[in-house]
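Protein chains: 4
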Amino acid sequence: MPESNEVALIVGGGPGISASCARLFADEGMRVAVAARNPDKPVLEKLEQTHHIRRYACDASDPAAVVALFQKVAADLGAPRLVVHNIDGRVPGIFRKGIAEADPGMVLDTLRNSSFSAFLVAQQATRLMLTNAPGRNGAKGTIIFTNASAAIKGYVKSGAFAMASHAKLGLAESMARELMPEGIHVVHVPIDAAIGWTHEDGTRAHRLAGTTVDDNMADPDYIAQAYLQLHRQHRSTWAFEVVLRPWVEKL
Amino acid sequence: MPESNEVALIVGGGPGISASCARLFADEGMRVAVAARNPDKPVLEKLEQTHHIRRYACDASDPAAVVALFQKVAADLGAPRLVVHNIDGRVPGIFRKGIAEADPGMVLDTLRNSSFSAFLVAQQATRLMLTNAPGRNGAKGTIIFTNASAAIKGYVKSGAFAMASHAKLGLAESMARELMPEGIHVVHVPIDAAIGWTHEDGTRAHRLAGTTVDDNMADPDYIAQAYLQLHRQHRSTWAFEVVLRPWVEKL
Amino acid sequence: MPESNEVALIVGGGPGISASCARLFADEGMRVAVAARNPDKPVLEKLEQTHHIRRYACDASDPAAVVALFQKVAADLGAPRLVVHNIDGRVPGIFRKGIAEADPGMVLDTLRNSSFSAFLVAQQATRLMLTNAPGRNGAKGTIIFTNASAAIKGYVKSGAFAMASHAKLGLAESMARELMPEGIHVVHVPIDAAIGWTHEDGTRAHRLAGTTVDDNMADPDYIAQAYLQLHRQHRSTWAFEVVLRPWVEKL
Amino acid sequence: MPESNEVALIVGGGPGISASCARLFADEGMRVAVAARNPDKPVLEKLEQTHHIRRYACDASDPAAVVALFQKVAADLGAPRLVVHNIDGRVPGIFRKGIAEADPGMVLDTLRNSSFSAFLVAQQATRLMLTNAPGRNGAKGTIIFTNASAAIKGYVKSGAFAMASHAKLGLAESMARELMPEGIHVVHVPIDAAIGWTHEDGTRAHRLAGTTVDDNMADPDYIAQAYLQLHRQHRSTWAFEVVLRPWVEKL
Numbered sequence: 383m384p385e386s387n388e389v390a391l392i393v394g395g396g397p398g399i400s401a402s403c404a405r406l407f408a409d410e411g412m413r414v415a416v417a418a419r420n421p422d423k424p425v426l427e428k429l430e431q432t433h434h435i436r437r438y439a440c441d442a443s444d445p446a447a448v449v450a451l452f453q454k455v456a457a458d459l460g461a462p463r464l465v466v467h468n469i470d471g472r473v474p475g476i477f478r479k480g481i482a483e484a485d486p487g488m489v490l491d492t493l494r495n496s497s498f499s500a501f502l503v504a505q506q507a508t509r510l511m512l513t514n515a516p517g518r519n520g521a522k523g524t525i526i527f528t529n530a531s532a533a534i535k536g537y538v539k540s541g542a543f544a545m546a547s548h549a550k551l552g553l554a555e556s557m558a559r560e561l562m563p564e565g566i567h568v569v570h571v572p573i574d575a576a577i578g579w580t581h582e583d584g585t586r587a588h589r590l591a592g593t594t595v596d597d598n599m600a601d602p603d604y605i606a607q608a609y610l611q612l613h614r615q616h617r618s619t620w621a622f623e624v625v626l627r628p629w630v631e632k633l
Numbered sequence: 383m384p385e386s387n388e389v390a391l392i393v394g395g396g397p398g399i400s401a402s403c404a405r406l407f408a409d410e411g412m413r414v415a416v417a418a419r420n421p422d423k424p425v426l427e428k429l430e431q432t433h434h435i436r437r438y439a440c441d442a443s444d445p446a447a448v449v450a451l452f453q454k455v456a457a458d459l460g461a462p463r464l465v466v467h468n469i470d471g472r473v474p475g476i477f478r479k480g481i482a483e484a485d486p487g488m489v490l491d492t493l494r495n496s497s498f499s500a501f502l503v504a505q506q507a508t509r510l511m512l513t514n515a516p517g518r519n520g521a522k523g524t525i526i527f528t529n530a531s532a533a534i535k536g537y538v539k540s541g542a543f544a545m546a547s548h549a550k551l552g553l554a555e556s557m558a559r560e561l562m563p564e565g566i567h568v569v570h571v572p573i574d575a576a577i578g579w580t581h582e583d584g585t586r587a588h589r590l591a592g593t594t595v596d597d598n599m600a601d602p603d604y605i606a607q608a609y610l611q612l613h614r615q616h617r618s619t620w621a622f623e624v625v626l627r628p629w630v631e632k633l
Numbered sequence: 383m384p385e386s387n388e389v390a391l392i393v394g395g396g397p398g399i400s401a402s403c404a405r406l407f408a409d410e411g412m413r414v415a416v417a418a419r420n421p422d423k424p425v426l427e428k429l430e431q432t433h434h435i436r437r438y439a440c441d442a443s444d445p446a447a448v449v450a451l452f453q454k455v456a457a458d459l460g461a462p463r464l465v466v467h468n469i470d471g472r473v474p475g476i477f478r479k480g481i482a483e484a485d486p487g488m489v490l491d492t493l494r495n496s497s498f499s500a501f502l503v504a505q506q507a508t509r510l511m512l513t514n515a516p517g518r519n520g521a522k523g524t525i526i527f528t529n530a531s532a533a534i535k536g537y538v539k540s541g542a543f544a545m546a547s548h549a550k551l552g553l554a555e556s557m558a559r560e561l562m563p564e565g566i567h568v569v570h571v572p573i574d575a576a577i578g579w580t581h582e583d584g585t586r587a588h589r590l591a592g593t594t595v596d597d598n599m600a601d602p603d604y605i606a607q608a609y610l611q612l613h614r615q616h617r618s619t620w621a622f623e624v625v626l627r628p629w630v631e632k633l
Numbered sequence: 383m384p385e386s387n388e389v390a391l392i393v394g395g396g397p398g399i400s401a402s403c404a405r406l407f408a409d410e411g412m413r414v415a416v417a418a419r420n421p422d423k424p425v426l427e428k429l430e431q432t433h434h435i436r437r438y439a440c441d442a443s444d445p446a447a448v449v450a451l452f453q454k455v456a457a458d459l460g461a462p463r464l465v466v467h468n469i470d471g472r473v474p475g476i477f478r479k480g481i482a483e484a485d486p487g488m489v490l491d492t493l494r495n496s497s498f499s500a501f502l503v504a505q506q507a508t509r510l511m512l513t514n515a516p517g518r519n520g521a522k523g524t525i526i527f528t529n530a531s532a533a534i535k536g537y538v539k540s541g542a543f544a545m546a547s548h549a550k551l552g553l554a555e556s557m558a559r560e561l562m563p564e565g566i567h568v569v570h571v572p573i574d575a576a577i578g579w580t581h582e583d584g585t586r587a588h589r590l591a592g593t594t595v596d597d598n599m600a601d602p603d604y605i606a607q608a609y610l611q612l613h614r615q616h617r618s619t620w621a622f623e624v625v626l627r628p629w630v631e632k633l
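Residue numbers (our numbering), protein chains in the order written: chain A, 383 to 633; chain B, 383 to 633; chain C, 383 to 633; chain D, 383 to 633.
Just chain A, same shape as in the assembly (with noise of 0.2 Å):
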């Protein structure tokens, strides 16, 4: 079922989910573009070299920015067929913060960083899929907003990301209802855990440190795969959200 050379871009430069999806989607004959506010962290200059991505600068909490980072990718490579928000986007600063701790400014901070942001890329892949042609699965494209547990359930000392993890449930809701029917497949991903990621060195950090629980965070690869799983689905039975958490997570 697989669309050669189609265009997949990512959002968010981290070394988990975002480097996972980048190494599967070019494995799978995709040609992807990986945008982040820093472009030449180490792991993405070795994509580069080891499966051909594309790197671009772009602090996606900025209107222009976005505007502009889609014109260069359809410019390079042409108009997406994926699309993933990978961005967490709490300021550090809020971690663990109460009601009557928590810094306004770093609260409003990280509704922009998150929220915002994912309004910001979503409308830009919009506009650009409603004109593709639709695919095999029937669909002119596929957006994928990872989200935390925090969408689902607002925890204690956590406010602001509560707020910012609802707000994109809440966009890619409404954007299910207005765009499934259009042909885009919208999908939204709370991950119920701590993400692994790879280490320079090559190995795996997939384990809280101290515990002897193996698969207590979940493996970014797994993620990536599911995306892919996600984007190829048939229109004839679309997911809107899949909640994925390991084994051993309490549900």
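Just to be clear, a hint being listed does not mean it is correct.
The list cannot tell twin chains apart, which means a pair is met if one copy fits it or any two copies do.
[Said to hold, decoys possible] Below, in silico cross-link-like pairs of lysine-lysine (DSS-like), each with a Cα-Cα straight-line distance of 30 Å or less:
1. 632 / 423
2. 454 / 479
3. 539 / 454
4. 454 / 423
5. 535 / 479
6. 535 / 454
7. 539 / 479
8. 428 / 454
9. 632 / 479
Because the hints were derived from the structure by calculation, they are not lab data.
Position chains B, C and D against the provided structure of chain A, taking the given hints into account.
Just chains B, C and D now, with coordinates in the frame of chain A:
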């Protein structure tokens, strides 16, 4: 069970829920403050005359203005035991705009007006309430977030409002988990309907223009009554969320 | 807003929610019927003396018995305007039984006692209420389903109860969509807590053995109060579901 | 990642999802058993010839029959690693019956056919799977519950089916919490659509009579594919629930 002389602060000053709450809370013996961008609206001036409410000017999306509001209310009336966040926050220009068309600046303004203002108000309310002694119902205070059904379902051509409404829900959930064990009752009330109001001449608008069905708009006097009951709920049996809808509304 | 002489029927006759409802409804001027497998329990005999309730014997999982119950209540007191289904239905032998261990016969009995009895009671209540004239709140009647938090979350080693509680929610949801536009207020109330009760000597049990935390069991007098408020809600703003939990309960 | 010679048991033998699953699982090298009340239906006889499936007669609402089924399958083919419960269970006489009209006996039969049979099948599957060694994906087995959108929304004039579908969800949730940490992947799949099937002559029915819109019924071949992917998910990232709906279905 009512306390005498409790202080209630209503943020948002429209002729619907805010006005009905102000009337009811005052009739129940509370000292009522209403904050609005423009506190000189006729509906508020009239409430000052008839129900002795205090009016305050406040842009609730401005951190410093919200701090100042709570300081003034506390100085004038005392620390509030009941705070209602009653701001819709939609910028008119985004109504019925599809994801491809919505203006990014208006999307961010909607997030700021609705969700960020909810955070700012909730933060100041929390700080003051934590210092209250428990009342007869065992609570140090009640914080009620009025919301829309967009908080629980993202509608078509309504992405920005879905984001803002979901964010408000996420904030409320996180706060409920954090603050209920501290004695603050946090409640999220999505109203699944258009909301009626009272005209200047005292007549009511609870009917959509051109319809003959009665009660197809929610009567804000009954919403105010529900808020009062929620405020007085004993901490032995607190509700976190109540969705209110007219009997003829599609569930 | 209260109607005088309304008839209330409570199905289930325990010393917790049922007894508290019976007392409160009678104190509010309603004529109260309580149905139980064994109507000769001391708690019900006492309520007959102190609050003039009528006691009825009924196995609510038996279709013919439920038909007979409603006929008798209607003949004795009139058509009920408020019916509360207040049956837990768990067969004790399935408590804390894992999926591999639970006895199939007990699982089916739990479904029958809880969900099927809810259907039978709701069916008869619906038939009678549809013939009522609307009351002051615009309703022909109110049907309240007491449920457990197992209705919204399936717990470990609790499969049969999860099935039964979810089924009751499904019934309530379908009925709400069908009957609210007909003027019958359908309400689903999961109680997310152990529920206290009143001892024979009048002392109350709202505290788990061995704990010092107050209010860690839901006080059924406050639950009854919530039911009364729900019953009196105007049809302009009906709540379908209210989850009640003590302030110290984990959300 | 596929295991060779895995045993799959499909309970329910219709020409839609069950037949599509049987074909796909057999094509992937699994040994496939299909259980149905009437195993002599042409669709199953044909699958025996073309895909070497084994056919078993079983009334899945009969505890002894379900025990016997699993014993026979285990003896004939080995312990299953994949079990699909694929029974709708509605008694035709309750279709479109309002709460006041539904026949109580048919309501109980629907609960028994759908939810109770799901429990019986899940219990036997669990007992066998717990003795399996983990496979390449880290799982001892996968149990998939096909369900309807009535599991997540109770529709009008559909109370019995809402009860049965919700009960199945409750069972799945409880089992997921209990069994995932034991290595059994439990998945709940509500299909939010009418489901197509393949006619005897090989043509497909994925279109509602009288419509011109393509894909307005879910294609069971794609549902089967989703089930296979879920079965092969690594335990690092398990999905508990996937709602599948056609692109044109109202979300």
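Intra/inter-copy verdict for residue 539 and residue 479 if alpha-carbon distance must be at most 30 Å:
within (5 Å within a copy, 34 Å between copies)
Up to 30 Å between alpha-carbons, please classify residue 539 paired with residue 454: within, between, both or neither.
between (40 Å within a copy, 27 Å between copies)
Practice task
Have a look at residue 454 and residue 479 and pick one of within, between, both or neither, based on CA distance no larger than 30 Å.
Solution key: Answer is between: at 26 Å across copies they meet the 30 Å cutoff, but 39 Å inside does not.
message: At most 30 Å between alpha carbons: which applies to residue 454 and residue 423, within, between, both or neither?
response: within (20 Å within a copy, 50 Å between copies)
Status of residue 479 relative to residue 535 across identical chains (alpha carbons, at most 30 Å): both (17 Å within a copy, 28 Å between copies)
For residue 535 vs residue 454, is the C-alpha pair at or below 30 Å within one copy, between two copies, both, or neither?
Answer is neither: 37 Å inside a copy and 34 Å across each miss the 30 Å cutoff.
| query | How do residue 632 and residue 479 come out at 30 Å by Cα distance, when the copy is not named: within, between, both, or neither? | reply | Answer is both; intra-copy 23 Å and inter-copy 19 Å each pass.
Notebook entry, point to check: What label fits residue 632 with residue 423 when the C-alpha limit is 30 Å: within, between, both, or neither?
Noted result: neither (34 Å within a copy, 42 Å between copies)
Please sort residue 428 with residue 454 into within, between, both or neither, judging by C-alpha distance up to 30 Å. Only inside one copy: residue 428 and residue 454 sit 21 Å apart there, 55 Å across copies, limit 30 Å.
Violation of the numbered hints given earlier is confined to hints 1, 6; the remaining hints are satisfied by the structure.
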